[in-house]
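**Student:** Chains as they are written, first to last, in the working numbering: chain A, 94 to 314; chain B, 94 to 314; chain C, 94 to 314; chain D, 94 to 314.
It is possible that some hints are incorrect.
No distinction is drawn between identical chains; accordingly, a pair holds when it is met within one copy or between any pair of copies.
What the hints assert, rightly or not - Each computed EDC-like pair below joins lysine to aspartate or glutamate, with the alpha-carbon atoms no more than 20 angstroms apart:
#	residue 1	residue 2
1	K213	D141
2	K213	E138
3	K143	E133
4	K103	D255
5	K185	E303
6	K213	E135
7	K130	E209
8	K279	D141
9	K244	D255
10	K103	E249
11	K102	D255
12	K102	E249
13	K299	D255
14	K103	D141
15	K213	E303
16	K279	E108
Keep in mind the hints are simulated off the structure, nothing from the lab.
Protein chains: 4
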Amino acid sequence: MDKLHNELKKEFQLERLILFSDAVFAIAITLLVIELKVPEIERSELTDGKLLQALGHMIPKFFGFIISFMFIGIYWTVHHRLFGYVVNYTPKLLRLNLFFLFAVALMPFSTAFYSEYVMKHVLTPVIFYTGNIILLGIFNLLMWLHIGNPKNNLSEGLTQADVRYSSFRAILVPALFTIFAFVYLKSPLLASYLPISIPVIMRLVKKNHERKNKSLPTEKN
Amino acid sequence: MDKLHNELKKEFQLERLILFSDAVFAIAITLLVIELKVPEIERSELTDGKLLQALGHMIPKFFGFIISFMFIGIYWTVHHRLFGYVVNYTPKLLRLNLFFLFAVALMPFSTAFYSEYVMKHVLTPVIFYTGNIILLGIFNLLMWLHIGNPKNNLSEGLTQADVRYSSFRAILVPALFTIFAFVYLKSPLLASYLPISIPVIMRLVKKNHERKNKSLPTEKN
Amino acid sequence: MDKLHNELKKEFQLERLILFSDAVFAIAITLLVIELKVPEIERSELTDGKLLQALGHMIPKFFGFIISFMFIGIYWTVHHRLFGYVVNYTPKLLRLNLFFLFAVALMPFSTAFYSEYVMKHVLTPVIFYTGNIILLGIFNLLMWLHIGNPKNNLSEGLTQADVRYSSFRAILVPALFTIFAFVYLKSPLLASYLPISIPVIMRLVKKNHERKNKSLPTEKN
Amino acid sequence: MDKLHNELKKEFQLERLILFSDAVFAIAITLLVIELKVPEIERSELTDGKLLQALGHMIPKFFGFIISFMFIGIYWTVHHRLFGYVVNYTPKLLRLNLFFLFAVALMPFSTAFYSEYVMKHVLTPVIFYTGNIILLGIFNLLMWLHIGNPKNNLSEGLTQADVRYSSFRAILVPALFTIFAFVYLKSPLLASYLPISIPVIMRLVKKNHERKNKSLPTEKN
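Taking the hints into account, I'd like the entire structure generated from these sequences.
**Tutor:** Next comes the structure, spelled out in structure tokens:
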């Protein structure tokens, strides 16, 4: 009975870590909208034409909102999949998770900075945004390696092949973004559309991984 | 034992999806208040008359706050009912849910845009707001169809009649809003009061649905 | 087994309602801080004296922050106690809870409005704030009456004496605030300190209630 | 059966207290980013040099963001550890927890105030920030003493040695910050780097505590 109680307590402590992370994700993803400011037009000049023009100027902001919503959504999904394997925690996992959440919480700022200047021929915001994506990737990678390390005894049902695949995915997104940053040097317009390709590439990678593992029937997200 | 453990893990993963969604709903519904700015009046001119006048000018904002609170509340209730049937999840459900939450997270902006200009004879904000409601409706519909599809094996206790009824409701709100947008062309004042009728219409539809199904005693919200 | 599953599902649906409410409380209570703006002082004029003076001008804001934090905290505690009795839910309970949360979400605005003008001899913000407290009280009262009604079969372990006591408490706070609003007409300074007395009065009422019921050993918050 | 039900209800009430706290932590930690404003540069003057210069001026803000993220993260970890021992609650624990959360919710303001003026030779913001850290420490200490008091019967598996160690840690952070405030009088630049030493000092204290207790194998964070 006492052992069961301890077991439940430990599981609740783990759940708490996860739900705290979810709350940070949820707030960061919803705070993105704060950067969308209602266009202000004087009453004397107010026409639908002016409003549409104002919305037109906001297109990079909407774009940034959508891209970052997508990214935080993807990383939430990854976090969801990662902790689907976790059955225990260490101080180090708490710490890595906090660093990861730091990169998540920074996203609304990076997004605002990026989408304010994306079409204006400057490189700094693109590098800053890419840096944020790289931070997300690094801490995500470190978390996979930490829970995937059999010595730490933190996970259940996670094979070394899964760890390798997930680590590859964790590195892939920052790598693609770094390439996009170089494309941006040549063609900002093209580069600003490239992030949309990421979910497609991720899906292809996943399909390929699943085909290779189709002998093993597993349920994943 | 191991099977029970897996079952519990799967259920927790599903709970996590739901509680993450709840957090997004809760933040979006509470962020609405950020658009209500305290009226600023110079100390030398400060009287209760001036303050009441300033509050009077804020009536469309309060109205927008109330309408959007009501909508996010309604969609939370629908989400609550929908996931009351769900017993499993797929990557597609995660994705549809994220798209749905995207439309929820956009509501504070749409509301602010709508209530800034609602009484000023422009159509763009009304169309934008209606577009947001349509997005909510579409992703809600797709979620009902996805979990209601018996092949996906995602739900328990959800009859095809329930799916049809819920799909109808999912379409009804955007349809009504599209009608209201046309009414707005003729009479903005009338159109701005129409959203209040939605809970009443929804209730009538529900009552009618329940009367038709009264032979089957079910508990629903 | 199936019955247990349904029971657990129903309990989770109820938990979801509660945790969604908690998130709204948590956001509203934390958003209060957004109204505290860092005082801006030109570099050339920057001294500790100027900063202290600026902080001095913010005293009503800090005061509003503390009072509202206290109120949202108190109402969270009441909500916590109320749902400690609830074992089932109805569409009406979902609705009443949403109305209650509406009043909670409005608090950051009411607080900002109140604390902006509290020391400036105008009555409107005081009435507005009192109105918000009255809304909280009314929906709180309606929730106690709804779950306390034996016909609804929603609660467990809730005696009619508890319902009467909790209803009295729900009315007490708005009643005290209405009195404070009248005191404000005579002495704004005195009235602005009165809210601090509320926890003390509530404690006295509770102690008195507990003394009367001391024959029945119960654990409450 | 009924006793089990009551036990589960009580546990859920405790969980609710914890998850509400988590939400406040999550919001406070994510709201920190709101203070990071995108630098605004006129289009005609926009160069990467100007942007980098603007980011350079934001270094104290980034620094404040990182330090406060670290602190809220540390206090969340402490809260997580503390409630890992708690098996029951009292009205007093609810109250102490609310006071503690008050100090957490104030952090975004204190951080903004501190990082706005940290490099400008004024003492007020440093004292304000230190005051906030002291508040966190005091309520943290009171919570440890309250749950650690065997008479209250609130905890399980918490030895008096743990309580002493945790109380010491609760006092240590504010004590270090008070020292840093005095260092600030002499050298603001040095003082602004000192907070980074806190996790290192905490780790040393922990390692030392664990060495002394290594005979007792315990799992902690």
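**Student:** Run every hint past the structure and note whether it holds.
**Tutor:** Status of the hints after comparison with the structure:
1. Taking identical chains as interchangeable, the C-alpha atoms of K213 and D141 lie at most 20 angstroms apart only when they sit on different chains, with a minimum of 10 angstroms there against 26 angstroms within one chain.
2. In this assembly of identical chains, K213 and E138 lie within 20 angstroms of each other by CA distance solely across copies; the values are 11 angstroms between and 27 angstroms within a copy.
3. In this homomeric assembly, K143 and E133 come within 20 angstroms of each other (Cα to Cα) only inside a single copy, at 10 angstroms, whereas the closest approach across copies is 23 angstroms.
4. Taking the shortest alpha-carbon separations for K103 and D255, only the inter-copy value of 18 angstroms comes in at or below 20 angstroms, while the best intra-copy value is 25 angstroms.
5. For the identical chains of this complex, K185 and E303 are inter-copy neighbours only, at 16 angstroms across copies versus 31 angstroms inside a copy, given an alpha-carbon limit of 20 angstroms.
6. With identical chains, the CA atoms of K213 and E135 are at most 20 angstroms apart between copies only, with a shortest distance of 11 angstroms across copies and 26 angstroms within one.
7. For the identical chains of this complex, K130 and E209 are neighbours both inside a copy (12 angstroms) and across copies (11 angstroms), given an alpha-carbon limit of 20 angstroms.
8. Proximity of K279 and D141 under a CA criterion of 20 angstroms is satisfied inter-copy only: 16 angstroms between copies versus 36 angstroms inside one chain copy.
9. Only within a single protomer do K244 and D255 lie at most 20 angstroms apart by alpha-carbon distance; the minimum there is 16 angstroms, versus 28 angstroms between protomers.
10. Taking CA atoms no more than 20 angstroms apart as the test, K103 paired with E249 passes in both settings, with 15 angstroms inside one copy and 13 angstroms between copies.
11. In this assembly of identical chains, K102 and D255 lie within 20 angstroms of each other by CA distance solely across copies; the values are 18 angstroms between and 28 angstroms within a copy.
12. Proximity of K102 and E249 under a CA criterion of 20 angstroms is satisfied in both settings, with 18 angstroms inside one chain copy and 11 angstroms between copies.
13. Taking CA atoms no more than 20 angstroms apart as the test, K299 paired with D255 passes inside one copy only; the shortest distance there is 11 angstroms, against 34 angstroms between copies.
14. For the identical chains of this complex, K103 and D141 are neighbours neither inside a copy (58 angstroms) nor across copies (49 angstroms), given an alpha-carbon limit of 20 angstroms.
15. Proximity of K213 and E303 under a CA criterion of 20 angstroms is satisfied in neither setting, with 41 angstroms inside one chain copy and 55 angstroms between copies.
16. Taking the closest pair of Cα atoms, K279 and E108 never come within 20 angstroms of each other, the shortest separation being 46 angstroms inside a single copy and 46 angstroms across copies.
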